[in-house]
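K.L.:
Given the sequences, and given the hints that come with them, work out the whole structure.
Number of protein chains: 2
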Amino acid sequence: MLTQEKQQRNWKPIIKEFEAVLGKNGVVQRREELITYECDGLTSYRQRPGVVVLPRTTEQVAQLVKICDRNSIPFIARGSGTGLSGGALPIEDSVLIVTSLMRQILSVDLENQRVIVQPGVINNWVTQTVSGAGFYYAPDPSSQIICSIGGNVAENSGGVHCLKYGVTTNHVLGLKIVTPDGSIVDIGGQIPEMPGYDLTGIFVGSEGTLGIATEITLRILKSAESICVLLADFTTVEAAAESVSDIISAGIIPGGMEMMDNISINAVEDVVATNCYPRDATAILLVEIDGLEVEVAANKQRVAEICLKNGARNITSASDLETRLKLWKGRKAAFAAAGHLSPDYYVQDGVIPRTQLPEVLQEIERLSQKFGYQIANVFHAGDGNLHPLILFDNSVEGALEKVEELGGEILKLCVKVGGSISGEHGIGADKKCYMPDMFSEIDLETMQWVRQVFNPQGLANPGKIFPTPRTCGEAASASKQQFEGVELF
Amino acid sequence: MLTQEKQQRNWKPIIKEFEAVLGKNGVVQRREELITYECDGLTSYRQRPGVVVLPRTTEQVAQLVKICDRNSIPFIARGSGTGLSGGALPIEDSVLIVTSLMRQILSVDLENQRVIVQPGVINNWVTQTVSGAGFYYAPDPSSQIICSIGGNVAENSGGVHCLKYGVTTNHVLGLKIVTPDGSIVDIGGQIPEMPGYDLTGIFVGSEGTLGIATEITLRILKSAESICVLLADFTTVEAAAESVSDIISAGIIPGGMEMMDNISINAVEDVVATNCYPRDATAILLVEIDGLEVEVAANKQRVAEICLKNGARNITSASDLETRLKLWKGRKAAFAAAGHLSPDYYVQDGVIPRTQLPEVLQEIERLSQKFGYQIANVFHAGDGNLHPLILFDNSVEGALEKVEELGGEILKLCVKVGGSISGEHGIGADKKCYMPDMFSEIDLETMQWVRQVFNPQGLANPGKIFPTPRTCGEAASASKQQFEGVELF
Numbered sequence: 001m002l003t004q005e006k007q008q009r010n011w012k013p014i015i016k017e018f019e020a021v022l023g024k025n026g027v028v029q030r031r032e033e034l035i036t037y038e039c040d041g042l043t044s045y046r047q048r049p050g051v052v053v054l055p056r057t058t059e060q061v062a063q064l065v066k067i068c069d070r071n072s073i074p075f076i077a078r079g080s081g082t083g084l085s086g087g088a089l090p091i092e093d094s095v096l097i098v099t100s101l102m103r104q105i106l107s108v109d110l111e112n113q114r115v116i117v118q119p120g121v122i123n124n125w126v127t128q129t130v131s132g133a134g135f136y137y138a139p140d141p142s143s144q145i146i147c148s149i150g151g152n153v154a155e156n157s158g159g160v161h162c163l164k165y166g167v168t169t170n171h172v173l174g175l176k177i178v179t180p181d182g183s184i185v186d187i188g189g190q191i192p193e194m195p196g197y198d199l200t201g202i203f204v205g206s207e208g209t210l211g212i213a214t215e216i217t218l219r220i221l222k223s224a225e226s227i228c229v230l231l232a233d234f235t236t237v238e239a240a241a242e243s244v245s246d247i248i249s250a251g252i253i254p255g256g257m258e259m260m261d262n263i264s265i266n267a268v269e270d271v272v273a274t275n276c277y278p279r280d281a282t283a284i285l286l287v288e289i290d291g292l293e294v295e296v297a298a299n300k301q302r303v304a305e306i307c308l309k310n311g312a313r314n315i316t317s318a319s320d321l322e323t324r325l326k327l328w329k330g331r332k333a334a335f336a337a338a339g340h341l342s343p344d345y346y347v348q349d350g351v352i353p354r355t356q357l358p359e360v361l362q363e364i365e366r367l368s369q370k371f372g373y374q375i376a377n378v379f380h381a382g383d384g385n386l387h388p389l390i391l392f393d394n395s396v397e398g399a400l401e402k403v404e405e406l407g408g409e410i411l412k413l414c415v416k417v418g419g420s421i422s423g424e425h426g427i428g429a430d431k432k433c434y435m436p437d438m439f440s441e442i443d444l445e446t447m448q449w450v451r452q453v454f455n456p457q458g459l460a461n462p463g464k465i466f467p468t469p470r471t472c473g474e475a476a477s478a479s480k481q482q483f484e485g486v487e488l489f
Numbered sequence: 001m002l003t004q005e006k007q008q009r010n011w012k013p014i015i016k017e018f019e020a021v022l023g024k025n026g027v028v029q030r031r032e033e034l035i036t037y038e039c040d041g042l043t044s045y046r047q048r049p050g051v052v053v054l055p056r057t058t059e060q061v062a063q064l065v066k067i068c069d070r071n072s073i074p075f076i077a078r079g080s081g082t083g084l085s086g087g088a089l090p091i092e093d094s095v096l097i098v099t100s101l102m103r104q105i106l107s108v109d110l111e112n113q114r115v116i117v118q119p120g121v122i123n124n125w126v127t128q129t130v131s132g133a134g135f136y137y138a139p140d141p142s143s144q145i146i147c148s149i150g151g152n153v154a155e156n157s158g159g160v161h162c163l164k165y166g167v168t169t170n171h172v173l174g175l176k177i178v179t180p181d182g183s184i185v186d187i188g189g190q191i192p193e194m195p196g197y198d199l200t201g202i203f204v205g206s207e208g209t210l211g212i213a214t215e216i217t218l219r220i221l222k223s224a225e226s227i228c229v230l231l232a233d234f235t236t237v238e239a240a241a242e243s244v245s246d247i248i249s250a251g252i253i254p255g256g257m258e259m260m261d262n263i264s265i266n267a268v269e270d271v272v273a274t275n276c277y278p279r280d281a282t283a284i285l286l287v288e289i290d291g292l293e294v295e296v297a298a299n300k301q302r303v304a305e306i307c308l309k310n311g312a313r314n315i316t317s318a319s320d321l322e323t324r325l326k327l328w329k330g331r332k333a334a335f336a337a338a339g340h341l342s343p344d345y346y347v348q349d350g351v352i353p354r355t356q357l358p359e360v361l362q363e364i365e366r367l368s369q370k371f372g373y374q375i376a377n378v379f380h381a382g383d384g385n386l387h388p389l390i391l392f393d394n395s396v397e398g399a400l401e402k403v404e405e406l407g408g409e410i411l412k413l414c415v416k417v418g419g420s421i422s423g424e425h426g427i428g429a430d431k432k433c434y435m436p437d438m439f440s441e442i443d444l445e446t447m448q449w450v451r452q453v454f455n456p457q458g459l460a461n462p463g464k465i466f467p468t469p470r471t472c473g474e475a476a477s478a479s480k481q482q483f484e485g486v487e488l489f
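Chains B and C, in that order, give the protein sequences. Under the working numbering, residues 1 to 489 are what the first sequence spells out, in order. Under the working numbering, residues 1 to 489 are what the second sequence spells out, in order.
None of these hints come from the bench; they were simulated from the model. There's no promise every hint is true.
For chains that are exact copies, the list does not tell them apart, and a pair is met inside one copy or across any two.
Unchecked claim - When the alpha-carbon atoms are kept at most 30 angstroms apart in a straight line, the in silico BS3-like pairs for lysine-lysine are as follows: (1) Lys-326 to Lys-222; (2) Lys-66 to Lys-16; (3) Lys-164 to Lys-300; (4) Lys-309 to Lys-66.
P.N.:
As structure tokens, then:
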């Protein structure tokens, strides 16, 4: 392949402008310091940004974006960098606007159940702030002790409790944003019933392509009077899946309903030793029920009956906080534990209709054998949101390519049964090539009308979400060619 | 005022094109037949359209819109015409695309809890279709026996049960739309977790300015095991309002929580004679609780205790369907009953933070006395969505202007206390002048970017939602000048 020597941007005058806004400490430009920022949670793609800036206020973000706009420099917002689809992946010669110094909780209004935060605030700080008064913030990604609210907004993050309470978009009332031309705009508001177009809805999940959120008004919920976690273990995946369907059909909406397979069970027992998960179970279900005490007691009974009817061997339950946390501990550590099973793993994120669970898991097992990679399954069973973890060794030549191809096959399977290529991790750089599997050309074009009008220069997070060129190939390897200047590790 | 004789459009060749798509029966052009279509539920503005067309399929809608686009003719979509903000008000020489022949329920998928309908389908047909199997469609505007799902989508309609279950946007999974250039585009999908921009969210509530929905995928919910309605009567508005706050603060989310004042109570007793509403009460609360039987029993107890603590004189409750319907009957008939109190009434729709209820109701009473018009208050107390009904006689010269001014004062009051100028009836033609009270110029401009890109010729429902000219006056009367060619009745 021919590579052309590309003219590097002259950063000096730009950096001077940035320093005038932020001071010297707010600008990171040394090559060795920039390494930290060359990828997010999707570590297989890496690209060093030209410069990193660390604003503290909306006004500063607006000024930085104006500098980029004036000089036609692409910019990418980044929170904690835990995203799993490469949404915060820099491109060559770009500015990375990092929100990790924007960590103020600006207002807490318990009476009206809302909290206003800066984008760098960590997800579970919100709950910590209001839990004493009996409130919590519902969306809870596995990374909640480190991921930022700004990143959650960009990726419309989900979590274990989104089955009952919805994903991030259901919990954002309003936003102050900096648009790609550096204007400061308020969208949505402090109450849900805002007239006019729902710009908040379109901004949440837009992965930084429509601007940067600098103040976020979140809805907080009243903590439930009572919570109970049930753990049911099964000898077949079908029995566990059937139980999930039956629980929902019975009109019960658990706070969370998670499934783990035998590989995952053993992985977490090896690493965090909950001593709660039976190592010989083919699958376990974790069902959290919340509400009034009487309601929880009644639903606990019904869930247990449904699981037993479907062949559960044992059911453990816990209502006290300590045991509940112990039961959840394994599930929360599942991704980390997978790291102990093999040198590397690749998390996929797809959605299927709940009713297709047994067939899809069988097909994933078939793909696992065909490609020769073990797959651990850990997922939000209640809403059909799968997280297959493909285990592999990245030091083996060509392994990543094969694993990506396998991941792609799983996504296509999700689409084939009427599901989606992303449940809660976004499209980012990683999955844009699969968008044509879900949307026709005209559907994708219509979405891009919105991008075009917010982001006419194309400077805000270029190369994410939408496939370019539109005819990008079937194989995952084809998608790599789209990342100009992105090295594949 | 000088009026210029305007050149009328030559409809003949256009009508020929429409007839080629729909046949002669699908086109309404006789002056006397067009009278039906000259206003929607906001009867104070009237304008006869140039021609009315009645398509049956998506393809036909697309062809009609293409004809309009090619000939630069403004077009307005209309469902059942029950909207209260003039969203379906024609403009002069426009085409009204009426969806009342698009009344097919296209698919019912109980397992995945979704129904696909054409836009002309009546709201409560959806529930009727699935109720036998134990499901229902949650959004329930007062007009649900006549209003169309297409209209509900356009106005993002609410209803009594939206406190717990959310407004229309929370129940639309996907849409097939015809964009203003006549393209057919699918947005959203059959599952909630669709990647890319949330175009469904922005389309719902866009009042026909971004295109016409021709197929709508709705989420249906499992019917609750048990439902109970409580009626509590109070001698002061403050006590009723305090009870609303305390119920929500206790973490109870009723299916619905409605308040009616003394005028409304007597109006409905005069007309529908429920014999349940005490005529001497200053205010009543209707609280519907749904869920598991044990949960309903426990919450019923708690709600009753809270109301009694706040000074309720009596509490009646009903769990059987017949008595529940009887308790609701008066609330559902409240608007109609207001029509018996005076020759005309003007419904306002505003939102305030729940905590401001007593103060705002006092101020509305003050405005009522200042302007000299009686105001009946009926509203969704749980979410602070007010519906003051201003009683007046339209045959009195200048009365409507004064009433509109009074309505405007109420909206400004809502904004002043941190609320909104619209809860569930949309902005339409009626309220666009108040948009600058809620949004800055740049916020409004940003919303209009989206309109611009979907609707560059401005043909899809022109003159709705956004104020033009931007500097439109303070007084309601000023807003009238914006409706070129609209007669004010």
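K.L.:
Work down the list of hints and note, for each, if the structure agrees.
P.N.:
Against the structure, the hints:
| no. | hint | verdict |
| --- | --- | --- |
| 1 | Lys-326 to Lys-222 | within (23 angstroms within a copy, 32 angstroms between copies) |
| 2 | Lys-66 to Lys-16 | within (14 angstroms within a copy, 53 angstroms between copies) |
| 3 | Lys-164 to Lys-300 | both (16 angstroms within a copy, 23 angstroms between copies) |
| 4 | Lys-309 to Lys-66 | neither (62 angstroms within a copy, 57 angstroms between copies) |
Hint check: a violation occurs at hint 4 only; the rest are consistent with the structure.
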